[in-house]
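Asker: Each chain is listed here by its residues.
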Amino acid sequence: MTVKKLSRGVALVGAGMSKFGGFKGKSSRDLFVEAFVEMLGTVDKGIDPRKIEALYVGNFSSDLFEGQGQLAPILANWTGLTPIPATRVEDACASAGVALRQGILAVASGMYDIVLVAGIEKMTDLPTEKVTDTLATAADQQYEIPAGFTFPGFYASMATAYMHTYGATPETFMKVGIKNHNNGSLNEKAQFGAKITTLMEARKASAAKKGLPIPEWADEMAFLHDDKANPVVAWPMRLYDCSPVSDGAAVVLLVSEELAGKFSNSPIFVAGTGHASDGALHDRDTLTSIPAAKLAGQQAYEMAGITPADIDFAEVHDCFTIAEIIATEDLGFFKPGEGGRMAEDGETSRDGEKPVNLSGGLKSKGHPVGASGIGQVVEVWKQLRGEAGERQLPGQLRFGLTHNVGGTGQTCVVHIFEKRD
Amino acid sequence: MDNQFTVAAYSSHLNEHRLMGSRDIKTGEVFLPPRPMNPATYSTEMEWVEFSGKGTLVAFTNVLSGPTAMIAAGYDRKNPYTVGIVKTAEGPMISAQILGVDSTDPASIKIGTPLQVRFVDRGEGDSRKTFLAFEPV
Chain A
1 MTVKKLSRGV ALVGAGMSKF GGFKGKSSRD LFVEAFVEML GTVDKGIDPR
51 KIEALYVGNF SSDLFEGQGQ LAPILANWTG LTPIPATRVE DACASAGVAL
101 RQGILAVASG MYDIVLVAGI EKMTDLPTEK VTDTLATAAD QQYEIPAGFT
151 FPGFYASMAT AYMHTYGATP ETFMKVGIKN HNNGSLNEKA QFGAKITTLM
201 EARKASAAKK GLPIPEWADE MAFLHDDKAN PVVAWPMRLY DCSPVSDGAA
251 VVLLVSEELA GKFSNSPIFV AGTGHASDGA LHDRDTLTSI PAAKLAGQQA
301 YEMAGITPAD IDFAEVHDCF TIAEIIATED LGFFKPGEGG RMAEDGETSR
351 DGEKPVNLSG GLKSKGHPVG ASGIGQVVEV WKQLRGEAGE RQLPGQLRFG
401 LTHNVGGTGQ TCVVHIFEKR D
Chain B
1001 MDNQFTVAAY SSHLNEHRLM GSRDIKTGEV FLPPRPMNPA TYSTEMEWVE
1051 FSGKGTLVAF TNVLSGPTAM IAAGYDRKNP YTVGIVKTAE GPMISAQILG
1101 VDSTDPASIK IGTPLQVRFV DRGEGDSRKT FLAFEPV
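Protein chains in written order, with the working numbering: chain A, 1 to 421; chain B, 1001 to 1137.
Please keep in mind that the hints were generated in silico from the structure rather than gathered at the bench. A hint or two may mislead.
Derived BS3-like pairs (lysine-lysine); straight-line CA-CA distance at most 25 Å [to be verified]:
(1) A:Lys228 with B:Lys1129
(2) A:Lys130 with B:Lys1078
(3) A:Lys262 with A:Lys45
(4) A:Lys130 with B:Lys1110
(5) B:Lys1054 with B:Lys1129
(6) A:Lys209 with A:Lys5
(7) A:Lys130 with A:Lys195
(8) B:Lys1087 with B:Lys1054
(9) A:Lys19 with A:Lys195
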């Protein structure tokens, strides 16, 4: 297979996001405007928004979450972009990653020079079981869902297969959650931006205030083993193994490589892009890996001309803690079966060999499903430009990677971004 | 081509408590769920094949927080259910509810357990629908 290259280079010159969380009274368009305004402020040399030529919006299900179809033209209109072409892209939780790829291809083709890409989801208007049903529409409605599968259930099944094959335990997964909450505690945009220990103290304080018996936990692991504090959702996935239900929007501004210096003092370049698809979970040769993620990763590495060892840090799709472990193997950071032990040994922590999810990941930052793929890119943008504040990774950073999964891996998109000297 | 290997045909067989897949007449490869086209060869020369209903458990989970359809079927946090992926004796893997296990005790459920098909009817009269399940042999 010959290595695919873009016809011309593409750069990021702006990035912004709303806070992720539950925002009663704020609709998609309201969150989008917040992200858009923040993005405009990050374009070092400024941009007249009327120069933007096209909008691609990643969104999973505004239809079911908000009763709103044809979202993209509304978002364009609310940000003064009418009458540019506005396109909604849907591939479940990978919607924003796929939208980004469409934006990159549109600029690389020469069709447009300046493109806005967004990811957005407004999930919290529905009660939990309706959210579960809506998310489940990303799976096979004929042959998976009637069996009783839910998304936590799919990933929990991958977890039992992983435990059976490699000897991991539920504690392995808990370590990933602790790490991502530690990272998220440094992210002001995170929905649950607090360490597990902080959340434990808050629960004690709440019990004391209500005059209830104050719970005692020896440490984080004791808290995470407590069925009341951390109930099982789909064994072995407990509440703190699952990303939350969230609202949020994120946007990035893409321009052709030759225009990058006109807008930015420190543009971030697209070094590689990969995208693959797959069938139902039960139709795969493996349940302990996501084949589409491996393939998308290989495509992105080949285009960038680098190997996994060259990646300084990654934002991966930790919709469930098991998913992060599998991602670090699929992306070639660790050998198959070693991702769990590497997570336990702290190799994916801030100060580890391969920092993963410095933003807090989907687990702590929040997972407005159609927005997450661009939320990841906003973190890479900040880290590579040295603008991540308290959570800035020290040292010279060159390559950051994003890994965005739809469903159980029916879609996977991997991007590699580069900071050039 | 008049495609008879549809979702509706599969469901209709399931309602008669038969687990039916399709078989490529040329290569002999079997598919469950049934496919109208062999995705490897693009051949559409298929025939129906009844599966034996034997299989083994390859992955599972006990669901405590289910979707509305399973809540309506009587499951909840106090009465969880087990769902998993089953490798059939004929080869294909399929998603199914797993019955006859203690869904409150994950340590008691073992990957590799031999299973036998069970057909679960939900609803009455015209709205009766059969769901695919397996249970330990």
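Asker: Now tell me, hint by hint, if it's right for this structure.
Answerer: Hint-by-hint comparison with the structure:
1. Restraint check for Lys228 of chain A and Lys1129 of chain B: the C-alpha separation of about 36 Å exceeds 25 Å, so the hint is violated.
2. A hinted pair counts as satisfied when its Cα atoms are at most 25 Å apart, and Lys130 of chain A with Lys1078 of chain B qualifies at roughly 20 Å.
3. A C-alpha spacing of about 7 Å is found between Lys262 of chain A and Lys45 of chain A, which places the hinted pair at or below 25 Å, so the restraint holds.
4. Proposed proximity of Lys130 of chain A and Lys1110 of chain B is contradicted: the alpha carbons are some 32 Å apart, above 25 Å.
5. About 22 Å separates the Cα atoms of Lys1054 of chain B and Lys1129 of chain B, which keeps this hinted pair within 25 Å; it holds.
6. Among the hinted pairs, Lys209 of chain A with Lys5 of chain A is inconsistent with the structure: their alpha-carbon atoms are about 60 Å apart, more than 25 Å.
7. Taking the CA atoms of Lys130 of chain A and Lys195 of chain A, the gap is near 29 Å; set against the 25 Å cutoff, the hint is violated.
8. Of the pairs offered as hints, the one joining Lys1087 of chain B and Lys1054 of chain B holds, with about 9 Å between alpha carbons and a cut-off of 25 Å not exceeded.
9. Note on Lys19 of chain A and Lys195 of chain A: the hinted pairing holds, with a Cα-Cα distance of about 18 Å set against a maximum of 25 Å.
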